[in-house]
Structure formats: C-alpha cells, structure tokens
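Participant: Listed below are the residues making up each chain.
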Amino acid sequence: MLSWRLSSIVGFLLLLMLAAGSKAGGLCAVDALGREVCLSERAVRIVSLSPGATELVYSAGAGDQLVGAGAWSDYPPEARELPRVGDSNRVDLEAILTLEPDLVIGWTDGNSRVQLDRLAELGIPVFWLAPRTFEDIAATVKALSLLTGHQPLAEQRAGEFLAGIRAIESQYETARPVRVFYQVWDQPLMTINGDELISRAIQLCGGTNVFGDLPRLVPRISVETLLMVDPEVIVTAGRGDTEQGWLQRWRDYPSLTAVASDNLFQVSPDLLQRATFRMLDGTRELCDLLEQARARL
Amino acid sequence: MPAFDAFRPLALLALAGLGAMVLSVSVGSAGLSLADTLAALTGSGSELNRTLVLELRLPRTLAAFATGGLLAVAGALMQVLLRNPLADPYVLGLSGGAAVGALLSMLAGVAGVIVTASAFGGALLSTLMVFGLAHGTGSWTPTRLLLTGVVVAAGWGAIITLLLALAPTRELPGMLYWLMGDVAYAGSPWPAFVLLVLACLLVIPAGRSLNVLARGPLQAAALGVNVRPMEWTIYIGASLLTATAVTTAGSIGFVGLVVPHMLRLVLGNDQRIILPACALGGGALLVLVDTLARVVISPEQLPVGVITALLGVPTFLYLLYRSR
Amino acid sequence: MDTLQARQLVIDIPGRTGGSPLNLTVEAGQVWGVLGPNGAGKTTLLHTLAGLRLPREGEVRLGEYPLTEVRRRSVAQQLGLVFQDRQDGFPATVLETALIGRHPWLSLWQMESGDDLNRAEAALKALDVVHLKDRLVSTLSGGERQRVAIATVLTQNPDTWLLDEPTNHLDLHHQVAVMQLLKQQAEAGRAIFMCLHDLNLAARWCDHLLLLFPNGEACWGHASQMLVPSALESLYNQKLITVEADGAPVFVPAKG
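Residue numbers (this note's numbering), protein chains in the order written: chain C, 1 to 297; chain A, 1 to 324; chain F, 1 to 256.
Mixed in with the good hints, there may be bad ones.
[As the list claims (entries may be wrong)] Cβ pair distances, simulated, as ranges:
| # | chain 1 | residue 1 | chain 2 | residue 2 | range |
| --- | --- | --- | --- | --- | --- |
| 1 | A | L320 | C | E224 | 43 to 51 Å |
| 2 | A | V151 | F | L54 | 29 to 37 Å |
| 3 | F | E69 | A | L198 | 29 to 37 Å |
| 4 | C | P152 | A | I297 | 36 to 44 Å |
| 5 | A | A309 | C | A167 | 50 to 58 Å |
| 6 | F | D115 | A | L147 | 41 to 49 Å |
| 7 | C | D230 | A | T169 | 24 to 32 Å |
| 8 | A | L147 | F | P229 | 46 to 54 Å |
[What the hints assert, rightly or not] Just so you have them, the derived chain F footprint on chain A, three or more residues with Cβ under 8 Å:
| # | region |
| --- | --- |
| 9 | 201–213 |
| 10 | 222–231 |
Calculated from the structure, these hints are not laboratory results. C-beta: ideal position from N, C-alpha, C; glycine also.
Construct the entire structure; sequences and hints are all you get.
Facilitator: Pasting the structure below:
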C-alpha cells in the first residue's frame, strides 16, 4: 500500500515536473538558430519553405498538416500538389499569410532571414532547420514531430534511420579506404569539405574525402589541384548514365587513377544532396559503388 | 512660366501616383476584391485581410513610392550637377559602396538595423571618396567627377564579387537577396517618405538657381549664384537621397536616369517643375513596376530591379536615338 | 550708381610675370573699348573685373567696397557680363534664356512676373530675335545666339555692362544695331566696357580706350589720345594706314 501511494505521488510529481517543464506554451523545441519555438497546441497548418524541409515534415508524420510549400518541393510525390509560395530565396509573403499558417519551416542555407523575420514579426512561429550530421537529421525529425503531434511515429522512424546508419558504419569499418572526390558543380569546379553530410556518408562507406581538410564548406578548386590530388574514385550528381554529364570531361585525363580504373560514378542528388532520411538510401548506394571501385583498383 | 502652367502636369502626376498606390494596395497574390481592400484600409474586414493590406501591402507601396521618388529626384539633381542629361544617381559609385557596407556587416553576422546603417555609411563613404579623389589639384570638373565615379564604382563591384566568393554558404541567400533589391526589405517606409517630402520642400525654392546653374558655372556666377556652395549642396543632397533609397530597397536601376529624362522631354527644363514632377513620377512608376513584379509570375516574385532594367534599357536606347 | 573701378590691378595670366597695374574707373555714360592682340589677356581682364577670377595684385571695387566683399547677388544686379564663348548647358528656349537675366532680381520663392516677362520680350525685340523666342537656343546660328546673350544682359538691366567681343558672328547690320544699342545704354546713364578685336569699331563707337599689350603693359584714356597710329601699330605689330571717314579715323592694315 505504501509503495502504491509512493509511486502515485512520484508519478504525480513527475507529471507536475513535465507540465512545469513544458512551459505555458506546451510544445517547445529549439531550432537551428538556437531559438526556442513554443506552440500551445500541435501545428496543423504548416508551410515549408524548402524541398528538404518538406521531406522532413513528411518523415515526421505531419505530411497531412502541410498547407503550402516552396518551389521544388517534389518528394514525396504528394508534395507536388501543395500550393506554392515562391522560390526559396524570395518567397511570396502574401501567399504565405493567406494560407494562415501556424508554423513556418525555413532552411538556413536557402531562405532569407529578412523575409522570415518579417513573418515572425507578424506573429507566425518560424522554425529554422540546418541539419549537418546524421544525428542532426534524426533530431530535426523528432523536433518537428514534437511540434506536430507525431512523436511515437517519428521516434520509431528516427531510430530505424540511425540504426541503418550504424549498420553501414560497422559493415565498412574494416574496408580498405578509398580516396574519393565528390563533385558538386562543374563550372566552376566545386566540391565539399569534411563538415558536409555527403562527406560523412563517404566516411561511413570507408572512403576518405580528398578535400575534407579544406576550410570552406563548399570550396572552389582548380583542375590542377584535382590532378595533383589524384583521387581513386570520382562521384557526381546524376541519374546513373555515366556516358554523359560532368564525368565526361574527366575522361580527357586518362592519367587519373579514377579514370584508369573506370571509377566514375553518379548518384542521384535527391538521395545525397538533401539532408533527409533518403540519405540512408543514398549512402547505401554510395557504399555499393565504392565496393565496386575497390574491386577495380 | 507661371505657376498655373506648372500645376496641371503636377496635378496629373499626383493623380497618377495616387492611382498607382491604390492599384498596388488592391492587387496581390491573395486576390482580394476592391471592397475587401477598402474595408481593410478603414480598419474593418477580417484580421487576415487587415494584416495583408496594412502590414504587407501598404508599407510596401509607400516604400516603393518613396524610393522611386528619391531616385528620380536624385537623378535629376545629378543631371544638373554634371550638366549631362545621361547621368544617374549611381554614376558616382554610391550603390556599390552601400552594397559593400551591407555585405560586410552580413559577413560579420549582424542583422537588422546595423546592416542598414552599414549600407548607409558605405554609401556616404563612397561619396566622400569620389569627391575627394576627383578634387585632385584644383577645381573639379564634371568630367573628372564622372570618371572618378566610374572607376570607384568598378572597384566596389570587384569587392562585391570577392565578398560573394568568400562568403559562407549560410550567408549567401541573404546577401543575394539584398543585392537584388526588394521594396519590402525595409521595416518602415516612413524615413524614406519623410526625406522625400523634405527634399521637395527644400529643393523647390532652389529651383531657379538650379536652372541658372544648368547654363554653366561661369554664367551662373555672373548672374549671382554661389556656384561652389550650391554644387556641394546638390552633391551631398543627391547622395543622401540615393543612400536612403538604396538602404530602403536595394539598388534599383534606371528609375533615376529615365524618369527625369522623360519628364524633361515633356515638361521642359524648369527645375521648379521637373523636381517635384520627378518625385511624383518616379514614385508612381516604381509602385507600378513593383506591383508588376509581385504578380506577373505569382507566386514567384521577381526582383523589382529586373523589371526596371527590362523597361529601362529599351527606353533609354530610344531616348538616345531620338536625341540625335 | 556704384562705379566699377580697378585699383593697381594686375591680372593673373599664368606664365606672364609683371604687367602694368591698371587704375581706371568705368564711369556712367562712358563707352570703353579694350584693344589688344590675341593672348593679351582681354578675356581674363573682363572676368577679373566681373569677380569671376582673382587678380594677381590690386583690387576691383564696386562703388566704395572691394568687389570680393559685395554679395554675389548684389554684384549681379549691378554688373552684367556677355561672354565670348557660350557654354551649352541644358536645352532651353530663347525666352527662357533671356528670362534668367531676371534671376538676380528675384527672391527665392518669387516666380517670374508679367513685368519680368515683358522686359525679356522687349529685350529680345531690341536685339531682333523676338521671332525666335520659342526656339531652342541650340538650334540657332552663331549670330542669333550672340544676340540672345546680349538680350539676356539687357533683361538683367545692370548699371555696368562688361562685354567680351559682342560683335563676333554678327553681320554688318546687326553689328551696327548692337553698337547703337550700347550707345543708347550709355546715354541713359549706364557704363559700357567691352573687348573688341575690331580696331575700327572701337574707333567709331568708344569714347575711352584701354590698350593691352602682350607683355603686360597697358595704357588707357580718352579715345582721341589713344588712337595714335604708332601706339596701335606697336600694339598689333602691324603697319597701319590711317584714313578719315565720317569724321572719325579708320585704320587699314598696310599690305606688305
């Protein structure tokens, strides 16, 4: 009897702490800019201003609660039906307001602070995203689910995602390292450094990003630098047809190890260049390609 | 040359300005009817409509009017100062200085009012630089001023490109947004608006002196105009107006060049009429262009500067062709 | 009327040191002619007297005060200057151009009145250009533009006129007309001071002469005293033959 009373008191105290902890606002999460966003009830009219953000909202289970999206929100396919509110860099504030959203999701690398601050001034909660690691992706989805009322579903999906990542990591732990160059753009020639998510994916697959040490996130390099560094594998964005696209120009340099071993690959940018759960599929594909590359070296 | 002749065109322009503003406030991607708009303006109607009209469209319309007016008046003043009907407010490198000021402060991680203040400071710094460099070993002539301005503007352009190349990815959208200009950028249109009204009030009594100055400095001095102080005042005044316009809405081109020129073709060369006409005409034009930019491919939003360039380039070429 | 006076005045010509100081007064009713070869400094003198340039030595006085101490507006009400070269600024009509002559008389907020308009039109009429009043100045011939410039100063109505080669570009008929107009101004109590490159015009119309030599020397006085062939020959470095016509001397350059 005593223990029953004790546990109910403890339970009651816990509830109290929880209630106190979640503030008068109710549902609170901290966004990528370090701001705490609190909603009194779950968001049911969400506007997402970047394709990555849209995907993450669907992953969080809140796809039905979206009422508008920025241009290029194309995944999952249902997202294409959402009313458009302008391009990432220059959104249509009027269109957004007309949708009467109770939450707006922005992406730090794509949307302009000034415009979204204007929305915040007009009383609309703005939640900024900027996932840089796999853990960030999972945490972002969980935060979004908290604000939209789908925590159990999101917890499960996030858990699966992270488990998948861990599995890949242990699978390729002892694999022979391959030196990889990931090409982001052709003219000018751009790549990514070690802080970028794609670079982390390369690491998971047992590869090393030849430009991982450069200070800028998306550095511009010269062709000479690439020739000097001589990667063993070259990966770019594309639909899998290696006869066309940016890979073609590297065939002019047969001395490159990657060219000599025919280690020129393409991975769909939707799978690797968006910080979403599809990174898992993208990473798996990348790892398969790197395995093929190892065989050829 | 009488006051009554002046009233008619000015009244027409004022009406056009008002019409443009009404149009701008009633049109947008949120298809409100005219009745809804009027209701919102008078304080009734749904809260959403009131927010749309009073918090989004109205400040934007006022800012567009003020910016257009400031640029056109500054352009007219520069044309008198340099005695060249093809001068515009940016010819002395001002917008470049403002851009560098704004971008540097964004790189430093600050936002809001400090960015605007840096832009303003950059613009004024550019003005002083050009003026100081053009002064050289003696009197400055319009040609020296113009050439120095062109060179300084090119210098700023190079720095802007450098800043964009070195900026961390996170800051780029904000920087590009500032550079392309947006009439809705400024929080409040009132500083620009008040400045426009003040400028008109101050500049109209000086109008006849400007007319005389436009005939040449020696002729003006012989007729009793204090040439040097007047030139200084015009220069600083035009710079202030332009700096305010650029910090309110970014660099919007062609308004400051084409509006004074077109008004002069129609209304003659009396600055007492041209300057207020520029304020009204420039304002009306920019309001109309901004409305277009907002709705033509809605919900995509075009930067206003794109449309002014698209309209301005052929207009400018046509005027050039006619002037032969 | 406040008279224009040069006191120990040495004009500033770059590269020329020295020069005789000028001490002369341009009194009401007088018509002065300034003669000298190109480069002697006639235009510089005129601009210095108008207050547009500073002298090297000495001063210019308007009435009791040094010119530099008089407000520009006040100077413009008393001194009018017809320039030799026209600076083409913005396009303007003939009437607008004449009207700016009223600028020194109007206060800041004042608009041109009917009286101002009448004066301008009367001035244009006196210079035989009133039929061109709505034409753009840039479309006129050299002679017409010259007459518009003179009409502008007539509209300005100053007490002392300073003119830099006013008969340039003018045909014979208009040359005489302009000279007669200036004579009438002098007879009405104003003072005329003009640079002329035509010796004979000066001989015919001026009652006082100032001779400016290229080395900086100068002499001035009554026309009858100045029109000495030897002085004129040395001024222009040209042998002259003197003839008489209509009671006044005429100087013809000798051949060979």
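Participant: Does each hint fit the structure? Answer for all of them.
Facilitator: Taking the hints in turn, this is what the structure says about them:
no. : hint                          : in the structure
1   : L320/A <-> E224/C: 43 to 51 Å : 46 Å, holds
2   : V151/A <-> L54/F: 29 to 37 Å  : 32 Å, holds
3   : E69/F <-> L198/A: 29 to 37 Å  : 34 Å, holds
4   : P152/C <-> I297/A: 36 to 44 Å : 42 Å, holds
5   : A309/A <-> A167/C: 50 to 58 Å : 54 Å, holds
6   : D115/F <-> L147/A: 41 to 49 Å : 45 Å, holds
7   : D230/C <-> T169/A: 24 to 32 Å : 27 Å, holds
8   : L147/A <-> P229/F: 46 to 54 Å : 52 Å, holds
9   : 201–213                       : holds (count 6)
10  : 222–231                       : holds (count 5)
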